[in-house]
Amino acid sequence: MASVKDPEGAELRALAEVVDFNGRRVLEVGCGDGRMVRLYAPQAAKVLGIDEDAEAIAEARRNMPRELKSHVRFRVARAERLRVRPASFDIAFLAWSL
Amino acid sequence: MQPEGVVHALRQVHRGLAPGGILLDMHPTRPSARAEVGGVSLGDFDDEKFWETVEATERPLAESDLFELEQEVEFDYLERWDSGKQMLEDVKTWDGCHVPRDLAQRIRKAEPPVDIWERVVLRRFSSRSRG
Chain A
1 MASVKDPEGA
11 ELRALAEVVD
21 FNGRRVLEVG
31 CGDGRMVRLY
41 APQAAKVLGI
51 DEDAEAIAEA
61 RRNMPRELKS
71 HVRFRVARAE
81 RLRVRPASFD
91 IAFLAWSL
Chain B
1 MQPEGVVHAL
11 RQVHRGLAPG
21 GILLDMHPTR
31 PSARAEVGGV
41 SLGDFDDEKF
51 WETVEATERP
61 LAESDLFELE
71 QEVEFDYLER
81 WDSGKQMLED
91 VKTWDGCHVP
101 RDLAQRIRKA
111 EPPVDIWERV
121 VLRRFSSRSR
131 G
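Taken in sequence, the protein lines are chains A and B. FYI, the numbering for the first sequence is 1 to 98, going by this note's numbering. FYI, the numbering for the second sequence is 1 to 131, going by this note's numbering.
Looking at chain A on its own, in the form it has when it is part of the complex (with noise of 0.2 Å):
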């Protein structure tokens, strides 16, 4: 059986103080399996995620909730080769990624 990741709501209650993600537009560099996307994903307006490893898109995708299916995207891709549309994020996260 997995692991359980942060059963103490360490990593969202840190967030919350230097972070209002609500009503942003969010870029997710390195997501991997969307753990961290569905923490925040709820209050932001718009979140892409993306990551190298296609395994791990694949499953972020088959564990998005379908109420965050409509704002949240993720993309198999390498951050030194991204290609976004300039100025469309208010946040970019690298979280345990770089």
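It is worth saying that the hints were derived from the structure and are not from the lab.
Pairs of lysine-lysine residues, derived as DSSO-like cross-links and limited to a Cα-Cα distance of at most 27 Å, are as follows: (1) B/K49 to B/K92; (2) A/K46 to A/K5; (3) B/K85 to A/K5; (4) A/K5 to B/K92.
Chain B: place on chain A using the hints.
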């Protein structure tokens, strides 16, 4: 990611951010990760190689003229396994992390759940405007 890759990635991220945009960088920081059972330490992992990678990859961001550090918080992050054997299998896949033999033995014999605690840093940077 190699440091040169980080530089390219930061340029792309900066380009994608709107004026006044925010960059968040979150990753483990020292001290080393620690295994615990029921709040009692089983020992520390040997992750010196991991710290070398972390420090090499965070340097381009610290030195970048694209972003300015605004805020930094640290917190303790818990990951919990219901099997010490499974934990050891998972840790094998962690870059730059070695489990000392005596620690591995203690983890195998431990009564689950078995925890790993890591110190994590979260930094908030503001995106500097393009010249």
